[in-house]
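Colleague: Spelled out, the chains give:
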Amino acid sequence: MSTAAAGRLPMPGMKVYNLKLGMWIFLLSEVMFFTGLIGSYIILRFAHPEHFAAPGVVLNVPLTAFNTFVLICSSVTMVKAFAAVEQGDQKGLQRWLLATIALGTFFVGVQAVEYSVLSSEGFVPMAELYHAVGRGAVHAEGAAEAAVVGGPLYGATFYAMTGFHGAHVSIGVLCLLYVYWRARKGKYSAASLGGVEIMGLYWHFVDLVWILLFTIVYLI
Amino acid sequence: MDVLSWLLPESFSTFGRDIDRLYYVILWITGVVFVLTEGLLVWILVRYRHREGRRAAHIHGHRTLEMVWTTVTGVIVLGLAVASTGVWHHVKRDVPAGAMEVIVTAKQYEWNVTYPGPDGLLGTDDDFTRRNALDVPDARPVLVHLRSEDVIHSFFLPELRVKQDALPGKSIRVWFEATRPGTYVIGCAELCGLGHYRMQGQLTVHAAADYQDWMQAALAEADQ
Amino acid sequence: MSTSEAAVQAHLHEHGGHDHEEPFLRKYIFCTDHKMIARQFLFMSLFFLLVGGLLAAMMRWQLGFPSQPMPGAGGFPDTMAPGGIVLPEFYNSLVTMHGTIMIFFAIMPLLVGLFGNLLIPLQIGAPDMAFPRLNMASFWIAVPAGLLMLSSFFVEGGAAGAGWTSYAPLSASGEWTGVYLGQQLWLVSLIVLGFSSLAGAVNYITTIISMRAPGMTWFRLPLSTWALFITAILVLLAIPILTGALIMLLFDQTIGTGFFRPEVGGEPILWQHLFWFFGHPEVYILILPAMGITSDVLANRARKPIFGYHAMVLAIIAIAFLGWIVWGHHMFQSGMNPLLGTSFMISTMAIAVPSAIKTFNWLGTLWHGDIHLDVPMLHALSFVSMFIIGGLSGIFMANTPVDMYIHDTYFIVAHIHYVLFGGSLFAIFAGITFWFPKMFGRMMHEGVGKVHFVLTFILYNIVFFPMHNLGLRGMMRRLYDPTQYEYLQPLQPMNEFISIAAFGLVTVQFLFAGNFVWSLFRGRTAGPNPWKSNTLEWSVPSPPPHGNFDGMPVVYRGPYEYSHPDAAEDYWPQNQPPPPEVGPGPEVALSPAPEGVGP
Chain F
1 MSTAAAGRLP
11 MPGMKVYNLK
21 LGMWIFLLSE
31 VMFFTGLIGS
41 YIILRFAHPE
51 HFAAPGVVLN
61 VPLTAFNTFV
71 LICSSVTMVK
81 AFAAVEQGDQ
91 KGLQRWLLAT
101 IALGTFFVGV
111 QAVEYSVLSS
121 EGFVPMAELY
131 HAVGRGAVHA
141 EGAAEAAVVG
151 GPLYGATFYA
161 MTGFHGAHVS
171 IGVLCLLYVY
181 WRARKGKYSA
191 ASLGGVEIMG
201 LYWHFVDLVW
211 ILLFTIVYLI
Chain R
221 MDVLSWLLPE
231 SFSTFGRDID
241 RLYYVILWIT
251 GVVFVLTEGL
261 LVWILVRYRH
271 REGRRAAHIH
281 GHRTLEMVWT
291 TVTGVIVLGL
301 AVASTGVWHH
311 VKRDVPAGAM
321 EVIVTAKQYE
331 WNVTYPGPDG
341 LLGTDDDFTR
351 RNALDVPDAR
361 PVLVHLRSED
371 VIHSFFLPEL
381 RVKQDALPGK
391 SIRVWFEATR
401 PGTYVIGCAE
411 LCGLGHYRMQ
421 GQLTVHAAAD
431 YQDWMQAALA
441 EADQ
Chain G
445 MSTSEAAVQA
455 HLHEHGGHDH
465 EEPFLRKYIF
475 CTDHKMIARQ
485 FLFMSLFFLL
495 VGGLLAAMMR
505 WQLGFPSQPM
515 PGAGGFPDTM
525 APGGIVLPEF
535 YNSLVTMHGT
545 IMIFFAIMPL
555 LVGLFGNLLI
565 PLQIGAPDMA
575 FPRLNMASFW
585 IAVPAGLLML
595 SSFFVEGGAA
605 GAGWTSYAPL
615 SASGEWTGVY
625 LGQQLWLVSL
635 IVLGFSSLAG
645 AVNYITTIIS
655 MRAPGMTWFR
665 LPLSTWALFI
675 TAILVLLAIP
685 ILTGALIMLL
695 FDQTIGTGFF
705 RPEVGGEPIL
715 WQHLFWFFGH
725 PEVYILILPA
735 MGITSDVLAN
745 RARKPIFGYH
755 AMVLAIIAIA
765 FLGWIVWGHH
775 MFQSGMNPLL
785 GTSFMISTMA
795 IAVPSAIKTF
805 NWLGTLWHGD
815 IHLDVPMLHA
825 LSFVSMFIIG
835 GLSGIFMANT
845 PVDMYIHDTY
855 FIVAHIHYVL
865 FGGSLFAIFA
875 GITFWFPKMF
885 GRMMHEGVGK
895 VHFVLTFILY
905 NIVFFPMHNL
915 GLRGMMRRLY
925 DPTQYEYLQP
935 LQPMNEFISI
945 AAFGLVTVQF
955 LFAGNFVWSL
965 FRGRTAGPNP
975 WKSNTLEWSV
985 PSPPPHGNFD
995 GMPVVYRGPY
1005 EYSHPDAAED
1015 YWPQNQPPPP
1025 EVGPGPEVAL
1035 SPAPEGVGP
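Listed in order, the protein sequences are those of chains F, R and G.
Everything in the first sequence is counted per our numbering, starting at 1 for the first residue and increasing by one.
Everything in the second sequence is counted per our numbering, starting at 221 for the first residue and increasing by one.
Everything in the third sequence is counted per our numbering, starting at 445 for the first residue and increasing by one.
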């Protein structure tokens, strides 16, 4: 019953099937979620510029730029996966899905390493514990006495924005694993590729959001 | 019963009259609309109630009528908005020159008032602070620098038609000019914790001539 | 009628045995049928409506009889009401939880969860929602959210006490209220509930866009479906803003971030902007479906087409659009820039226009009608008359200088209850009594229904109308004990009177509950179309079988063709084929062409 209803196409001329339509609608909601976050960041940054540091002072921009490149590559592999299933190429589908999963996992891994390094340097979300001194001062003589760079809002907004995005990537990887598992069982074909397509929509969205966040959080 | 009155209690600030006038304008407009629409509703219900053999008219709408009531409503409400901007800016922005300045600092659950002392300047050595008591001269604008030490409170002088939230981390300018000596209430209008209901102070408006005497007495009291 | 009735009979035979094959758990608990999910939302929300009402009764006790022991309440824990005397911190919890439960767990799931699920597939001619399993998840996510909310009463420190708006920094740290875990549970519960609402919204929008029956064009949709469609869009776009803000506040509470804590540089006013940017669309989430329901009931019981159908649809869309740019009118006295206040005042006044259009169109719908004053109609009419009051009182507060005096007083308490109780809840009563036969196959008892209506209407007005006047005397809201202020002491007899009426108001709701339960088992059997309505849900049996329609219904006309001159009956169902254009043919005998209507 449920699948029959979900796949039904009652209006003549309706080209978009429900699953894809539903995903687009869901992504609109996601847009609002990140709009709220980014809007809050902008308000806080304008109200308290002294809480924020210039690009590269605290954050490791080259590392994250590389990570951004990795995530963009994962969008390419996702496109390849969809192209493969459109051709009915089961092996190709599985291969490219696996590549996307690997790249996504790598991205989250790099983020985890970044978090642990930053927090060991005093860049933490907890307001009372915040004592980031900047990358230049951490390993220099007398790091303990170095002046604190930025303020608690910097830490809180950084972790909130990148953390929510990281959670979206992680959930995406879990969904990709599910799609991969179904692909292994041969559930997708050129005639039935909705699952792969909406997975792709979500993945590209998460990618797009990251490019925006990277620009706002790291580069500006 | 007096309690059920739609008249406002008397106001004792210069702009209180302006606010009250706007209120009465709105009361008249909404009152007339209220009587007309509810009356029409009741009349229709009686006139067109179900009777054996009655058949409703098949009407889908009336373009002109719909245009008319849309336009009229739009003109009235937007006119109200435009007509109110003057009072609003007068109340919230135009602090008159020569105002007496005080600092009111709200904290759970009290109002602390810092006075400029005899030199009339805030931030000097002769400043002094009194708890839950704001004393001002009448017929002179008073500028309050409103602050909060903990959560959001709302500085409410019902008899003077003043209300302004006190925000922690900010200093907000509120002004008023009392028109009659007397004592008035300072209430808290924003839920601020379990003692919100007893966060109460007193505004005393002195006759301008007596105010310096009061200041000397208060200063002497503060020095002890 | 005859063909659809025959179809209905055939359908009954086909599905009669089929239903019994479903195991109990699949049929009643983890069910994917939109009608069952609607009923699940109904029962859940009515439970929360009762809880919210009892919380209100306790508040009213404290307001009417400050610091006297509640009768028969000696068993309350000492942390809430030792010896039955409400403590200030418990009063704040009551204020907070009454608002939160009524808005998020009673009115919203009734309007969106119940009517959205029940009406959308049936009115558009679809067999079910686009995503039935997601739909089931939507309900089963709401249940734990509700349990979390209720459980917060019983944790150390009690339930959240910073108001349903939970203004930071009061809500951002337990040190200001003494409530730690309770506030966190409040936040987590609303975050969880957000996922439920989101799942519902995605489902409704997809279903309405892509699963309408042939011929069901956008401008043939019944207004309740239109309203639910726009509401779903508001939910979709507003809820994520709230969720983001709630998570930030939760971080402030738990790990000590400083988003809203000014002592470490945060911005308390940011919370208000985020909350009301969600909160004002939320207000329309709570009223638009009620307007849709009212429109359907009014047209049907006045046997007349909706006056200005297109204007009604455009008004819904205009309200939804303008609803995004008026949030600042909740914050006129918050310390925001007065110029910003002016622009919010103008946008707020502008939103009065579509609301007025709707009101006048409802009056136009009734005008020259054949008005049947039965229970759903009485409730729908009181929606209109109470919405007029709620709308007019809103103009006072939209006016920034006047708002300076009445902001955060009982005037706003009166206003919100005229909109949410006088408005939404009366429309909910109208909707439940109108669609009860469709949900359960039986009619509700008319006599008891009328008694319940009359008592509710009178007591409701006695309780809430004088609150305007209390506000005009300067009585602040959320005040544990108004007698602490000398100038409020003369109001105490009125507070006492309101409280007594409020207890009556809560009590007479048991008439509705009794009628509801009695009618479930003993009500008169309804038949498919007891109200002689045009819309598609009435063309199928009551309750409709799994899959709703026997084959695909075809829609020939708009939903409000009542008393059409070409029809013998005073209604003309949307799916009834039109009479043949040319001379009597073989189909005429089969077609339900009414007498006297020929080529």
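Because the hints were derived from the structure by calculation, they are not lab data.
Incorrect hints may appear among the rest.
To be verified - Pairs of lysine-lysine, DSS-like flavour, derived with a Cα cap of 30 Å:
(1) K80(F) - K185(F)
(2) K185(F) - K91(F)
(3) K327(R) - K390(R)
(4) K80(F) - K187(F)
(5) K471(G) - K20(F)
(6) K187(F) - K894(G)
Computed from a predicted structure; not experimentally measured.
Colleague: Would you mind marking each hint as holding or not holding in the structure?
Modeller: Going through the hints against the structure:
1. K80(F) - K185(F): Given pair K80(F), K185(F) holds - Cα atoms ~19 Å apart, limit 30 Å.
2. K185(F) - K91(F): OK: K185(F) and K91(F) at ~11 Å, within 30 Å.
3. K327(R) - K390(R): holds (13 Å)
4. K80(F) - K187(F): Holds, because 18 Å separates the two Cα atoms, which is no more than 30 Å.
5. K471(G) - K20(F): Given that 30 Å is the threshold and the Cα spacing comes to 29 Å, the pair holds.
6. K187(F) - K894(G): Judged against 30 Å, a Cα distance of about 57 Å means the pair is violated.
Hint violations for this structure: number 6 only, all remaining hints satisfied.
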